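2 protein chains.
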Amino acid sequence: MVNYQPFLSKDTSLLKTSEIRDLLKLTEGREVISLAGGLPDPTTFPAEDIRRIADDVIKEESAQALQYSTTSGVLSFKKELVNLSKMRGISSISEDNIFVTVGSQEALFMIFNIFIDKGDYVAVENPSYLAALNILRARQPNFIGIDVDPKNGTNLDQLETKLRQMKQENKKIKMFYVIPTAQNPAGTTMKLEDRKRLLELASQYDFIIMEDDAYGFLVFEGDSPAPLKALDKEGRVIYTSTFSKILSPGLRLGWVVAETDVIKEMEIYKQNVDLHTPTLSQYIAREAIKRGVIMNNLPKVKNTYIEKRNVMLQAIEENFPKEAKWSRPVGGMFVFAWLPKGIDTTKMLEKSMANGVAYVPGSSFYYDYSGKNTMRLNFSYPSKEQLRRGIETLGKVIKEELSAS
Amino acid sequence: MVNYQPFLSKDTSLLKTSEIRDLLKLTEGREVISLAGGLPDPTTFPAEDIRRIADDVIKEESAQALQYSTTSGVLSFKKELVNLSKMRGISSISEDNIFVTVGSQEALFMIFNIFIDKGDYVAVENPSYLAALNILRARQPNFIGIDVDPKNGTNLDQLETKLRQMKQENKKIKMFYVIPTAQNPAGTTMKLEDRKRLLELASQYDFIIMEDDAYGFLVFEGDSPAPLKALDKEGRVIYTSTFSKILSPGLRLGWVVAETDVIKEMEIYKQNVDLHTPTLSQYIAREAIKRGVIMNNLPKVKNTYIEKRNVMLQAIEENFPKEAKWSRPVGGMFVFAWLPKGIDTTKMLEKSMANGVAYVPGSSFYYDYSGKNTMRLNFSYPSKEQLRRGIETLGKVIKEELSAS
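Taken in sequence, the protein lines are chains V and D.
For the first sequence, position 84 matches number 84 in my numbering, and the numbering has no gaps at all.
For the second sequence, position 392 matches number 392 in my numbering, and the numbering has no gaps at all.
Among the clues, some could well be false.
Copies of the same chain look alike in the list, so a pair counts if it works inside one copy or between any two.
[Stated by the list, open to error] Cut-off 25 Å, straight-line C-alpha distance, at most; resulting in silico cross-link-like pairs (DSS-like, lysine-lysine):
(1) K10 / K167
(2) K302 / K59
(3) K10 / K118
(4) K59 / K290
(5) K191 / K174
Bear in mind the hints are in silico, worked out from the structure with no lab data behind them.
Computed from a predicted structure; not experimentally measured.
Build out the structure end to end from the sequences listed, making use of the hints.
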């Protein structure tokens, strides 16, 4: 049989498998409470509405809904995405500013490939979204890490200092990948004045912002602040969001709001990747916006998640050592914990799994694999009972680890 | 406003927009008979079956069908794909040899990125599938063109001569991208003895074969020969096919059959691109295989296309100049025509469009943009009446062009 190793391209060696997914495999078929995943609670899917919509669109529009469609997205869906984006405060855009993708993952994949060359300076929050970091790593940029503080969020003072230093060295940050709302994994949300300041820095130091608003519609405590794109006067922000958290991840739908110049580049790129996003998914989501299914369903999603978050936070309060810190996210699906410095959560994982609880070691979310004492805990998928028992067990494991060190 | 040009990555300049898609835009909103597209006839979609299936899977399996799923594909779907692949003669495989993609386009995108480096030698049929060539062009390989003769098909004598020459120069072809059945665009089908010979050459000269079997289930005249993968004893063949022609392009589903080493690389790559293929599409296609919808619908698809092909061939016979040659495809959706040498079909297109007929100039399908006298004509989408009128008009345009030159 042929050995494929000598045939692989050089790029292939740069690809990292997602630690989360490898980890999920370890839990398959075992009696483990997984706080490691990132799945929405399936009871939040408006399944009956989706069923009725699927039925209608296939009955009434099969010649279009089951056919090939255009690369940038189905026009009638893009029009509804203009409306949906407006509900996030993004106005003065048309369907020409919209691009439909296979989940926001594909949006990140395309944008990082379209813009980032080997050696480019790319700023990321530290920690940041693992799957985005993995795409970036394959582009071989120079990472500039911007710390995220559990209390004060993304450290813009640090960003400004670095920008000033780099300017003196004649270096430039090309792009800042940022998750301003319900940051994944750190759980922080950027204040409005910080958002404005970030845009000013982008203008002053001439960089692009890739804004990941995956949880923008999923803020369950207080108001969801306007995304950077809503405040963007120079067209510097490329915005992406997803239907995975507000309708159904199984449709694999994300969208981008950006200047038409960016949309054109995405169109050329996506012709190579997969020609277009599934048409049927787009027709279903179009109707879900149009018929109010998404907005009507949001209160249920938010209620489910705030209750589960509260259960998790209370259990952490009761079971984690006093020296630990953790986020109190106003949205999203995760709590992030900073344990006492001596603890290595990657090493501790095996013991935790043996005790029946899985989590994601936080270092995977750091571009430099620091944050060895951190962990990401999912509250959206497990039941409340599992959350309580899982955190209780995890608390014991941590305390044992502490007294052993 | 920000100017995005200075921010683009170097790779972005290598991307070519698909000529077919640009062309389709020109026909939008005009009274043009388009022989340029590549759309299936929507009357062949088993819409009512798909509607019932969608209804059932959302009703009975919404917690899974609307949820995230694994990167390589939904397990129960992969099992059905093993069965479907067997109907193409590919046996002794398991679900571990299957990988589900967003159309076979994504399979080609991933495989070419996983294997091809700048400067690698890649053999392609000349002409070959435009969208595959565009992905390859972005990888900057050295192309080795293998001529396709309207009568004798892909010229394996030429391939062998080149392989021998290159061996003397210490060079190696890494991969041969080939469409053995109902070749797109040339319409030829490789004979069984040639298939065996190609596999022997691959073994002797140690290269990989990327087999595109998009039309394997769509052979409407005679039997469909076994794909290379069915004859592959060394695991050298990476096979891809698609649901776009046998069920619905709007689901955007393709699949790969390959050695598990290849599947593993694809899994890592796809985690970056889009995490996984839409779950709902996979559940629908799974049931379509299981319930026999695909196999029961195939006779209708084949009948529709053989009738349309016959209409097109007869119209060409009656209207094209005697000096022209054209394919007589036993499957697929296209006729390819070689016009007298003096004619440049790219230049002629404007006149043809002014007369109300669009086609794709053939040079786009040649890696070296030769074949300036060729054109690809689609018979699957236009009505029979449109086919007759379109070819009649096109014949006049060609004859005018001939007498002018």
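Do the hints match the structure? See the list:
1. Taking the shortest Cα distances, K10 and K167 sit within 25 Å of each other only across copies (23 Å), while inside one copy they are farther apart (33 Å).
2. Only between protomers do K302 and K59 lie at most 25 Å apart by alpha-carbon distance; the minimum there is 24 Å, versus 32 Å within a single protomer.
3. In the homo-oligomer, the alpha carbons of K10 and K118 lie at most 25 Å apart both inside one protomer (13 Å) and across protomers (9 Å), since each shortest distance falls under that limit.
4. In the homo-oligomer, the alpha carbons of K59 and K290 lie at most 25 Å apart both inside one protomer (18 Å) and across protomers (22 Å), since each shortest distance falls under that limit.
5. Only within a single protomer do K191 and K174 lie at most 25 Å apart by alpha-carbon distance; the minimum there is 23 Å, versus 53 Å between protomers.
In this structure, none of the earlier numbered hints is contradicted; all agree with it.
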